[in-house]
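Q: With the hints as your guide, set chain B onto chain A.
There are 2 protein chains.
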Amino acid sequence: MCADKLEKLTKTQTIDLRAKLIGPSCKIFFSDDPIKIVRARGQYMYDEKGQRYLDCINNVAHVGHCHPDVVSAGALQMETLNTNSRFLHDNLVLYAQRLQATLPAQLSVFYFVNSGSEANDLALRLARQYSGSQDIVTLDNAYHGHVTSLIEISPYKLHHMPHVPLNPFVHVAPSPDVYRGRYRRDHPDPAKAYADEVRDVIKRVQTQGGKIAAFIAESLQSCGGQVIPPAGYFQQVAEHVHKAGGLFIADEVQVGFGRVGTHFWAFQLQGDDFVPDIVTMGKPIGNGHPMSCVVTSKEVAEAFASSGNEYFNTFGGNPVSCAIGLAVLDVIAKEDLQGQALRVGGYLISLLEKQKSKHPLIGDIRGRGLFVGVELVRDRSKLTPATAEAQEVIYWLKEERVLMSADGPHRNVLKFKPPLCFGTDDADFVVDKMDAVLTEIEAAIGLNAANVLNGENDVN
Amino acid sequence: MCADKLEKLTKTQTIDLRAKLIGPSCKIFFSDDPIKIVRARGQYMYDEKGQRYLDCINNVAHVGHCHPDVVSAGALQMETLNTNSRFLHDNLVLYAQRLQATLPAQLSVFYFVNSGSEANDLALRLARQYSGSQDIVTLDNAYHGHVTSLIEISPYKLHHMPHVPLNPFVHVAPSPDVYRGRYRRDHPDPAKAYADEVRDVIKRVQTQGGKIAAFIAESLQSCGGQVIPPAGYFQQVAEHVHKAGGLFIADEVQVGFGRVGTHFWAFQLQGDDFVPDIVTMGKPIGNGHPMSCVVTSKEVAEAFASSGNEYFNTFGGNPVSCAIGLAVLDVIAKEDLQGQALRVGGYLISLLEKQKSKHPLIGDIRGRGLFVGVELVRDRSKLTPATAEAQEVIYWLKEERVLMSADGPHRNVLKFKPPLCFGTDDADFVVDKMDAVLTEIEAAIGLNAANVLNGENDVN
Chain A
1 MCADKLEKLT
11 KTQTIDLRAK
21 LIGPSCKIFF
31 SDDPIKIVRA
41 RGQYMYDEKG
51 QRYLDCINNV
61 AHVGHCHPDV
71 VSAGALQMET
81 LNTNSRFLHD
91 NLVLYAQRLQ
101 ATLPAQLSVF
111 YFVNSGSEAN
121 DLALRLARQY
131 SGSQDIVTLD
141 NAYHGHVTSL
151 IEISPYKLHH
161 MPHVPLNPFV
171 HVAPSPDVYR
181 GRYRRDHPDP
191 AKAYADEVRD
201 VIKRVQTQGG
211 KIAAFIAESL
221 QSCGGQVIPP
231 AGYFQQVAEH
241 VHKAGGLFIA
251 DEVQVGFGRV
261 GTHFWAFQLQ
271 GDDFVPDIVT
281 MGKPIGNGHP
291 MSCVVTSKEV
301 AEAFASSGNE
311 YFNTFGGNPV
321 SCAIGLAVLD
331 VIAKEDLQGQ
341 ALRVGGYLIS
351 LLEKQKSKHP
361 LIGDIRGRGL
371 FVGVELVRDR
381 SKLTPATAEA
391 QEVIYWLKEE
401 RVLMSADGPH
411 RNVLKFKPPL
421 CFGTDDADFV
431 VDKMDAVLTE
441 IEAAIGLNAA
451 NVLNGENDVN
Chain B
1 MCADKLEKLT
11 KTQTIDLRAK
21 LIGPSCKIFF
31 SDDPIKIVRA
41 RGQYMYDEKG
51 QRYLDCINNV
61 AHVGHCHPDV
71 VSAGALQMET
81 LNTNSRFLHD
91 NLVLYAQRLQ
101 ATLPAQLSVF
111 YFVNSGSEAN
121 DLALRLARQY
131 SGSQDIVTLD
141 NAYHGHVTSL
151 IEISPYKLHH
161 MPHVPLNPFV
171 HVAPSPDVYR
181 GRYRRDHPDP
191 AKAYADEVRD
201 VIKRVQTQGG
211 KIAAFIAESL
221 QSCGGQVIPP
231 AGYFQQVAEH
241 VHKAGGLFIA
251 DEVQVGFGRV
261 GTHFWAFQLQ
271 GDDFVPDIVT
281 MGKPIGNGHP
291 MSCVVTSKEV
301 AEAFASSGNE
311 YFNTFGGNPV
321 SCAIGLAVLD
331 VIAKEDLQGQ
341 ALRVGGYLIS
351 LLEKQKSKHP
361 LIGDIRGRGL
371 FVGVELVRDR
381 SKLTPATAEA
391 QEVIYWLKEE
401 RVLMSADGPH
411 RNVLKFKPPL
421 CFGTDDADFV
431 VDKMDAVLTE
441 IEAAIGLNAA
451 NVLNGENDVN
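Listed in order, the protein sequences are those of chains A and B.
Quick note on numbering: the numbering used here labels position 108 of the first sequence as 108, and the sequence is numbered without any gaps.
Quick note on numbering: the numbering used here labels position 266 of the second sequence as 266, and the sequence is numbered without any gaps.
What the hints contain is simulated information worked out from the structure, not anything from laboratory work.
One thing to keep in mind: the hints can contain errors.
For chains that are exact copies, the list does not tell them apart, and a pair is met inside one copy or across any two.
As the list claims (entries may be wrong) - Mimicking DSSO-like on lysine-lysine, the simulated pairs with C-alpha atoms at most 27 Å apart in a straight line are: (1) Lys298 / Lys27; (2) Lys8 / Lys298; (3) Lys398 / Lys356; (4) Lys298 / Lys20.
Predicted, not measured: the structure shown is a model, and the values here were computed from it.
Okay, chain A solo, but in the shape it has when bound (with noise of 0.2 Å):
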């Protein structure tokens, strides 16, 4: 299809358009010159001139913009039938079979709703049914959706509010960053470190009255600036969770299905012996399509089913959502896209390294698979945090049709979490990219590689 026929407006009417219709806190990428697209395919977006960006971020998109298997799945069965849970389909309970596939046999009871926001909020009701308890530990920097009760323990987004009082009920417990967080990789068990603050911020709240309904993390943090936990850290967490009544929800709405490359689910990168209560899923799950799933033990689904309520979503699990879900699987397997995303981001991370080498404004490269983080700062030993460069280079990528955002408390981390189809070939261009804009701004403020010698080399 021609790109001028996708073109109903001008991009200066929709401009206008958005201004006069759209919520003011709906945020558009580069609000000063925002870019439209017309029509997208694999890993890359085309706007209304027809100009091909190269998406780097895009993780919802995650077997690839438009896939066919995934179209033709959803365009079938809509023209057959869609309609809610409450009548018997094939397709709920085959698409629930094929994820339990993928998941520990404790996890075996399906919820399907339609955001990742439904999913940590049903999370967050299970567990409190389940406990009988309310208090939640979440982690600083945690994104976990967009409703009340999310905003609630999403540091991420509180740190914006400072005028709201954190409810009583949600209690933080530090990052397991080691690359800027308490504990880093010089030291001897971060694992342990962070876990125990976890069992620290559990005790202040039992001393305090309270009791603990669940703890929640991302199993990598995504806007929390791509941080990966150190191994070991969720069984101790999990632990001591346990050990107060309450359960480990793992939010692997940004990070699941292969995406790590090694793992299908990246909590799987723990170790085998860590399963987590209750494991949300979202974003990739439909490639775009609205839906995501919440799972969980026998045990904790009876108890939320023990307490008389029922449970009703207009939308979760429809048969086109199902058949949705199942193609996304079905081209994961088919394309051997996690084996992709680790060939892939192995090869990624190794020429990040090379610029890290070369670059002092790299102060660390992080990432499983397909999900990597490049944080930049100004300073290696003080990790001084390069937010304005980080802009920059998001904005000079931009001019160069690559398609990068920069997340993380100080904005200053690099995102890469592109639709598995992305290829080696795409990891050359955009970091030859990087490297140019890179060289630039190091110029321009100073920077030069006999700083690289000054702090912390070490990659993860």
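A: Same frame as chain A, but now just chain B:
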């Protein structure tokens, strides 16, 4: 497509897998002998044997199950582009513009989300940010969604959770039910009387040091028992709420988009002088596609934005959802479905009135367009809810291949909210069946037409 191709498992297999894999809180219709639906079209659903059911309840399939215009709009956009609203896209703004044209001019700023629950939760966040207050007034028997913040304001759910303490920020006013409520059709001014109850609740909150953020109500209460508030009630409530610094949220998730026949939005039944501060939309908006919307005034939207908070919803307002939303609006207009709701709804009510004079079990018939409730009572003076009889009707109708449900606090209100393509022949068919089953039940329990004269006989 032949039905047997649509079944991948036997019905028994589907039931067994569902019992094993799907949360036991997710209830199924007719749990002792559930229906397996494999395809649907218009107002008809078909089971695995090819048996046709007349659908009187799926208000989500607003313009008819699997409407080809909606399906093709969705499929075309799915194969072209499906991404988030951080990029400019024409569908987003054109859709907002089209929705705006159906609304009072003040309601001009849109937020697109994925479900009625996400919409109502965002409405609460908007109101709380705008007002700087926390307290919410909700109606008895109301249901506003399944996320934590909405369960809290849903007495329909809370009545089944007596062990859960009411959130101290939530205050319940009586449902403006002129049949069974505190003020009935014989009251000289039920609109004022019920609005005064809200005023009194607000006063109590203020006396206790609280501050009102919002009053929320469905424009017509659905789960609460197909309740039609008396005209003028919303205006007076809005006056009290505004005076207290709060906002009026009209929940149109169940009842919007032309269903009420005379108007596009059910809040408009109250009179042209009434404009809510926030309107939430859902279910019918995408004919089954997971999408929903919040609209408010510039003033409220700006107050929300001024908090510095970004609002991002991964799937909300994506080009596929907006293409589907636009197609739904097109079909409503092209097929004059609002007009059809008015005509067929009027015809249905006239048929039901005749049944009322014949069947003492029918206590009340109330409705607007194709949103109709038939309240069954054992005694027209005492209004004793005929709960078991309503269940019997539902099960009998199922055997006759008519899908109907019973709701309300006593589960004794038969609910009509069919796809708007529901025709007069469909109305004839279902009312005929109802006549037969009511005759049978009344004979069995010894209710006879003489009782009809005992009680109030007026029709709303």
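Q: Each hint needs a verdict: does it hold in this structure or not?
A: Results for each hint:
With identical chains, the CA atoms of lysine 298 and lysine 27 are at most 27 Å apart between copies only, with a shortest distance of 16 Å across copies and 40 Å within one. Proximity of lysine 8 and lysine 298 under a CA criterion of 27 Å is satisfied inter-copy only: 26 Å between copies versus 51 Å inside one chain copy. In this assembly of identical chains, lysine 398 and lysine 356 lie within 27 Å of each other by CA distance solely inside one copy; the values are 21 Å within and 68 Å between copies. Only between protomers do lysine 298 and lysine 20 lie at most 27 Å apart by alpha-carbon distance; the minimum there is 9 Å, versus 49 Å within a single protomer.
Every hint from the earlier list agrees with this structure, and none is contradicted.
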